[in-house]
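Chemist: Chains as they are written, first to last, in the working numbering: chain U, 10 to 419; chain Y, 10 to 419.
For the record, the hints were derived by calculation from the structure and aren't laboratory data. This one's a predicted model, so the numbers in the text were calculated from it and none came from an experiment. A hint or two may mislead.
Which copy is meant is left open, so a pair is good if it fits within one copy or across any two.
Unchecked claim - Restricting the straight-line Cα-Cα distance to at most 20 angstroms, the calculated cross-link-like pairs of lysine to aspartate or glutamate (DMTMM-like) are: (1) 353 x 320; (2) 234 x 53; (3) 321 x 346; (4) 373 x 95.
There are 2 protein chains.
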Amino acid sequence: MNAEIVTIGDEILIGQVTDTNSGWIASELNKIGVEVKRIRAIKDNREDILKNVSEAIESSSIILITGGLGPTKDDITKITLCEYFESKLYFDEEVCKQLQSFFDSRGKKLSELNRKQAELPDACVPISNTIGTAPGMLFQKKDKIIISMPGVPYEMKEMMKQSVLPLLQKKAGPNRILQHTILTSGIAESDLAELIADWENNLPQNFSLAYLPQPGIVRLRITGKGEELVVKQEMEKRINKLESIASDFVFGHGEDTLEKVVGELLKKNKFTLSTAESCTGGYIAHLLTSISGSSDYFMGSVVSYSNDLKEKLLQVKSDDLKTYGAVSEQVVKQMAEGARKNLKTDYAIATSGIAGPTGGTKEKPVGTIWIAVTTPSKTICKKLQLGNNRLVNIQATSAAALNLLRKELI
Amino acid sequence: MNAEIVTIGDEILIGQVTDTNSGWIASELNKIGVEVKRIRAIKDNREDILKNVSEAIESSSIILITGGLGPTKDDITKITLCEYFESKLYFDEEVCKQLQSFFDSRGKKLSELNRKQAELPDACVPISNTIGTAPGMLFQKKDKIIISMPGVPYEMKEMMKQSVLPLLQKKAGPNRILQHTILTSGIAESDLAELIADWENNLPQNFSLAYLPQPGIVRLRITGKGEELVVKQEMEKRINKLESIASDFVFGHGEDTLEKVVGELLKKNKFTLSTAESCTGGYIAHLLTSISGSSDYFMGSVVSYSNDLKEKLLQVKSDDLKTYGAVSEQVVKQMAEGARKNLKTDYAIATSGIAGPTGGTKEKPVGTIWIAVTTPSKTICKKLQLGNNRLVNIQATSAAALNLLRKELI
């Protein structure tokens, strides 16, 4: 069984509103083994609705439509679907009763405009909207199922959970699409691809792999299709194998983040952490403190953007700043050790580099960055050579520094 | 001229990644008067790509495609478009040189996989990717323009700005959709709507207004359609009026940010700034340092997550921490003044609060936050009462603190 999602609404096409409904629906359908073939957004326009719904019905067995069901003039999904299914509007007493009680419970009068929402195409089965006013509509054409839902996200989600998903689940049978994402850091996409080439080439036909890179991190998404238990077992086997091949780089699964994984390692061992940030400008501290409960292990940070503060708050030697410059192994080492000492923590991270896009020299071009991690027993420094994009450099440096710490913690 | 946007990538169709590229592209196309007819997301699959690109070319004059251009096996957009345009791959020496210098500048070797990215269909004109490895491709079919770009958002945006939008702008006629965004802080969306209700109701028919709220900030986007010069003049008149009505809250226009506006004010007056952050955990420092050139006025930050560090690095009085607690007017005032003194700056910002979702008490529920700004002559403190969402609280607090500083600087 495959599905298409059609979003109706001009606001999407002018870029005013980001369509988050389709992603949510897609993710829910995948869980019950329904593959989403296509997502599309179209205008509130009769011709476009007729054309696109017709195209969707031709190529998929389930069509989920959202949007354009409101009570106002610009909402034309209902009358256009009515036309498409060569149907006529009738007045549904049951739906009207629900509308009446919806307004009663809010102490409001049912207006003529809202009363009209009980008029529905006689080719549809109404789907109850328990938290809004526009009912959903279920149509069938041969063996195809077409469902129209409101575009308001919480109304759509409620309708999906209460009515649409249970209905589709019954139709979907035992086959499922299972997915698992493995997170890596410290290796470029192309190097990772080379490293795991054999593993990838040996995946069974019903399995596939996708590379999803972001600054400093590459996510690997493995997808398997088939009977739930069989796929589950095979997936587990493949993941274990992959983890052993890329063990130097794998830091987590699914929704894990480096800051979460590092935080858990610190918490488990009752270690504390501080950061001394120059080129990352507080971004590592922000990542760490975006985790609820981080005050258990994260004590604080010195963002020493000026050389003065590197000396004053982190005791970096003035001579070394002059001799080697702020972006150097000597300085980043002293920054990390100064943070560990002054902020009284077990571990400390430091960063110093040229985030760009300006500020580079011939010896130290933009993207030259030093990171350091200091532990109760030693300090490790590492040089990165990144690109020209300031934000990407900040993010990639933060990921590299957190990953360096992670490796020391395990 | 109308356009279609085609996003290629399984990650969209399983709901793992929300497609934000299409909305951004749609909004940019609208600005130059190109109407977006349809947005669609499809799978990394030969048949689907061929079918959908062909459908798109039939109904629109411009087709913008993103995704599937990476160096790995699952990226098949290039070879599929090559097939569609009955073309052959050739090795583009110029693109290869660009790739080589991209890797050289990062001190990395150009791998065989990446070298293959210089192989392009001979039916296309390559579009330079200045910040990534996959070049864009421009195809033409009769009078239709088909452009394929990488899916990585920052690479795609750079390519759009540098090459694609200037090209399309030339093709679009005299009618324009002009947009102007006014940025406000320090007022809730509904209060702002009341304040400017008369102004809004008096807008001409070809003008419209949208409210775009985000934590601590409400953006107002005014859209006007018609002949460029006429709309431009009317727009200017309306904006001036709006600015005078909401002058207490307007802090910028278009792509301005609070950190940019504050940075410019500091730079102009040769003032320096530091921050002392508890609940914002370095996020204000991150915002300030995300601006290139911020080292001219931003000296650094103390992220004092623990009370110890509030005492040690910011000289907050131990007694006051005990008597009033870390989340109090007394403490946030001393944090700001301590940062100003220890980090030797003209101005300082401080934050202390309960970001949540846990950690609240009856007297100080989650969302209770104090901010302070200290200047060469005084310290101002302000209490915020926000909600339960940790990230929203961090962002809203940062916006409120930067806005408080901005008001002192003007």
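Chemist: It remains to establish, for every hint, whether it holds in the given structure.
Modeler: Verification of the hints:
1. 353 x 320: both (17 angstroms within a copy, 13 angstroms between copies)
2. 234 x 53: between (36 angstroms within a copy, 16 angstroms between copies)
3. 321 x 346: This pair counts as both: shortest intra-copy Cα distance 14 angstroms, inter-copy 17 angstroms.
4. 373 x 95: neither (68 angstroms within a copy, 46 angstroms between copies)
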